[in-house]
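There are 2 protein chains.
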Amino acid sequence: MSVTAAAGFRAGGVACGIKPDGALDLALVTTEGRAPAAAAGVFTTNRATAAPVLVSRVHLSSTGGRAVAVVLNSGNANAASGAQGRADAARTCALVAAELGCRPEEVLVCSTGLIGIPLPMGPVASGVPTLTRSLRADGGPTAAEAIRTTDTVRKEVVVDTDAGFVVGGMAKGSAMLAPDMATMLAVLTTDAEATPQQLDDALRAAMPGSFHALSVDGCTSTNDTVLLLASGASGRSAPGPLAEAVAEACASLARQMAGDAEGATKVVEVRVEGAASDEDAARAARAVAESVLCKCSWYGCDPYWGRVVSELGSSGAAFDPDAVAVAYGPVTVCRHGVACPHDAGALATVMAAPHLSVNADLGLGAGSALVLTNDLTHAYVDENMGTS
Amino acid sequence: MSVTAAAGFRAGGVACGIKPDGALDLALVTTEGRAPAAAAGVFTTNRATAAPVLVSRVHLSSTGGRAVAVVLNSGNANAASGAQGRADAARTCALVAAELGCRPEEVLVCSTGLIGIPLPMGPVASGVPTLTRSLRADGGPTAAEAIRTTDTVRKEVVVDTDAGFVVGGMAKGSAMLAPDMATMLAVLTTDAEATPQQLDDALRAAMPGSFHALSVDGCTSTNDTVLLLASGASGRSAPGPLAEAVAEACASLARQMAGDAEGATKVVEVRVEGAASDEDAARAARAVAESVLCKCSWYGCDPYWGRVVSELGSSGAAFDPDAVAVAYGPVTVCRHGVACPHDAGALATVMAAPHLSVNADLGLGAGSALVLTNDLTHAYVDENMGTS
Numbered sequence: 001m002s003v004t005a006a007a008g009f010r011a012g013g014v015a016c017g018i019k020p021d022g023a024l025d026l027a028l029v030t031t032e033g034r035a036p037a038a039a040a041g042v043f044t045t046n047r048a049t050a051a052p053v054l055v056s057r058v059h060l061s062s063t064g065g066r067a068v069a070v071v072l073n074s075g076n077a078n079a080a081s082g083a084q085g086r087a088d089a090a091r092t093c094a095l096v097a098a099e100l101g102c103r104p105e106e107v108l109v110c111s112t113g114l115i116g117i118p119l120p121m122g123p124v125a126s127g128v129p130t131l132t133r134s135l136r137a138d139g140g141p142t143a144a145e146a147i148r149t150t151d152t153v154r155k156e157v158v159v160d161t162d163a164g165f166v167v168g169g170m171a172k173g174s175a176m177l178a179p180d181m182a183t184m185l186a187v188l189t190t191d192a193e194a195t196p197q198q199l200d201d202a203l204r205a206a207m208p209g210s211f212h213a214l215s216v217d218g219c220t221s222t223n224d225t226v227l228l229l230a231s232g233a234s235g236r237s238a239p240g241p242l243a244e245a246v247a248e249a250c251a252s253l254a255r256q257m258a259g260d261a262e263g264a265t266k267v268v269e270v271r272v273e274g275a276a277s278d279e280d281a282a283r284a285a286r287a288v289a290e291s292v293l294c295k296c297s298w299y300g301c302d303p304y305w306g307r308v309v310s311e312l313g314s315s316g317a318a319f320d321p322d323a324v325a326v327a328y329g330p331v332t333v334c335r336h337g338v339a340c341p342h343d344a345g346a347l348a349t350v351m352a353a354p355h356l357s358v359n360a361d362l363g364l365g366a367g368s369a370l371v372l373t374n375d376l377t378h379a380y381v382d383e384n385m386g387t388s
Numbered sequence: 001m002s003v004t005a006a007a008g009f010r011a012g013g014v015a016c017g018i019k020p021d022g023a024l025d026l027a028l029v030t031t032e033g034r035a036p037a038a039a040a041g042v043f044t045t046n047r048a049t050a051a052p053v054l055v056s057r058v059h060l061s062s063t064g065g066r067a068v069a070v071v072l073n074s075g076n077a078n079a080a081s082g083a084q085g086r087a088d089a090a091r092t093c094a095l096v097a098a099e100l101g102c103r104p105e106e107v108l109v110c111s112t113g114l115i116g117i118p119l120p121m122g123p124v125a126s127g128v129p130t131l132t133r134s135l136r137a138d139g140g141p142t143a144a145e146a147i148r149t150t151d152t153v154r155k156e157v158v159v160d161t162d163a164g165f166v167v168g169g170m171a172k173g174s175a176m177l178a179p180d181m182a183t184m185l186a187v188l189t190t191d192a193e194a195t196p197q198q199l200d201d202a203l204r205a206a207m208p209g210s211f212h213a214l215s216v217d218g219c220t221s222t223n224d225t226v227l228l229l230a231s232g233a234s235g236r237s238a239p240g241p242l243a244e245a246v247a248e249a250c251a252s253l254a255r256q257m258a259g260d261a262e263g264a265t266k267v268v269e270v271r272v273e274g275a276a277s278d279e280d281a282a283r284a285a286r287a288v289a290e291s292v293l294c295k296c297s298w299y300g301c302d303p304y305w306g307r308v309v310s311e312l313g314s315s316g317a318a319f320d321p322d323a324v325a326v327a328y329g330p331v332t333v334c335r336h337g338v339a340c341p342h343d344a345g346a347l348a349t350v351m352a353a354p355h356l357s358v359n360a361d362l363g364l365g366a367g368s369a370l371v372l373t374n375d376l377t378h379a380y381v382d383e384n385m386g387t388s
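Going line by line, the protein sequences match chains P and S. Quick note: our numbering has the first sequence finishing at residue 388, numbered continuously throughout. Quick note: our numbering has the second sequence finishing at residue 388, numbered continuously throughout.
Derived from the structure by calculation, the hints contain no laboratory data. A couple of the hints might just be wrong.
To be verified - To be clear about the criterion: a stretch of chain P counts as covered by chain S if any three or more of its residues have a C-beta under 8 Å from a C-beta of chain S, and this derived list gives those stretches:
1) 75-88
2) 294-300
3) 335-347
For glycine and all other residues, C-beta sits at the position ideal for the given N, C-alpha and C.
Can you build the whole structure from these sequences, using the hints too?
The following block contains the structure:
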């Protein structure tokens, strides 16, 4: 039930006509009875910030972290759309607020899709009344469907805690995924009782192990947004378990994104250990994860570790060429900086699996990091050769 | 005549058996009569530094910038090869020195090819005597042929100056090309009279406008080396014109590399102007040039400028979303941060040409930068799926 798994939330989705093929393209998540929920958000660090991100930030700030609804559209990012785009994002919130009977500031807005094309407000305006009528207690999957772009599957999660509350969520994202920020759209809901600050703390703590550890193509989108709303309907308050459940939910959504990355044939976990610091480990892991040479070789199931060592050495992390070790899964192929004997059959099996673990030990210290990524394939090139 | 165009140099190449297909794989450039030439070098910044780079650096330093010969092999990078690799690189120099009758320190060494595989010294040792016998005054093209790996054509240049001397050169490089260092192998020769310091100054001044402005895949190789040797055979000394000729030669070789990048169908010049500083402009231009999303869209002749704006915004450069303009060639498609009317027919012609110019104006200041790159194609994926 994804975003409606937690008590106190309703969701829905409609096809309002933004996508030319008539697919679902407008989604809404609201609280039951329009009661303001505690809310927190994490947004893109891209300075080409999309209009809906700017508007949602202002709304969250002006309400002190309260929201009644989140409206999301796919098919158009409302980015690089100037003053008109900002007015369109604000008007979308106002249209939803008028239908729901709340203040526009209590509505948050997210968009995803093509950049640089004005948001078609006719379809949005005519779609909002139908959208509010589509709200259901089991509407989570419909909303998750309506935010897909090139995603081939819905991304949904439910974490049921021993503390008596639930965290549910939905997300979209299959390209333009990079660390350092939220990297996609995700809406999480919980029926725990929590203050906006507790939600914000839980969300920020969840990022390093989930969305910030995900790099599909190193591209940071203009629209990335993660929102977390708490209805309090369970009557339970437990900040620690809440943070744990939010982290688990975010990690699950991030893994789902890695598994559905554009054109990818495999999920690749790049793990760096033995770095001089965690920062160095992250820098080194990201360099390997974003290397087009490494990504092509993973696609070809090629165990050529020389490229991995070359990326580690040029990542900027402290590096000793005589100390590095590289393993694919459990098979070590490079030790003390040079090739080492290994079982070629076992290695071939590891390289061909749909989940590949690339492990590098820099042999210098205790720093470690993990980055989730994918291979680079003919299909990725196909998907990104054109916009249609 | 490339590396033998300047008076006072000889070159040659042989197939010694490093490459399994029997292609030329060992090259030698020497001075005429074994007279030590003034010499300077620029080397990779990759901390996984290959053995020949380590050895050449020590040799250049111990002779105070004098060299009699440069020996180069393709088919094996002698990188990630540990202490044995360093001994092999030193022994290669010693073998050449014994044949030529000079000191091992007067021989510089370069390798290019696969990483992590011991250099086969049997073929090298048996090939060196044949190699020295292959030296000719018109041997430049043979040497340039012998340093090719995935290059589809030889890279050669001759700059004939009004000052009465010549700068010639050869290079290899078609992947693992990124700025911040030399990014490939290149050997330049001149018959100008020059001190090692003058050569070093000329070489370093030439980098920003040539090899440092080239980014094919953002990967910095372990072996990158640019060497410049001066025989003085012309009897002319003119540091200013020499620096200009070296810059022109390096720029030509860099353009040749961009034109022969693995799998590329077009050369793309990314030019950023109006940045707050030159550093910001370089950061922004490199972000666009290395974006796999942008590179795929250029392959597809897709004028979707939203990705360009998104990369500029996440590059770290100062950025105002309402000030940016983007043009493909002369056709402006985005002004003041939003789409603007343009001639679709003219745009289609620009996008389909084999040479694409992507121009962004950040509208903030006087900083500018240029990065040479390519599109990302099915053929690049093919070439890098495997090592054979």
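Hints the structure fails to honour = Violated: none.
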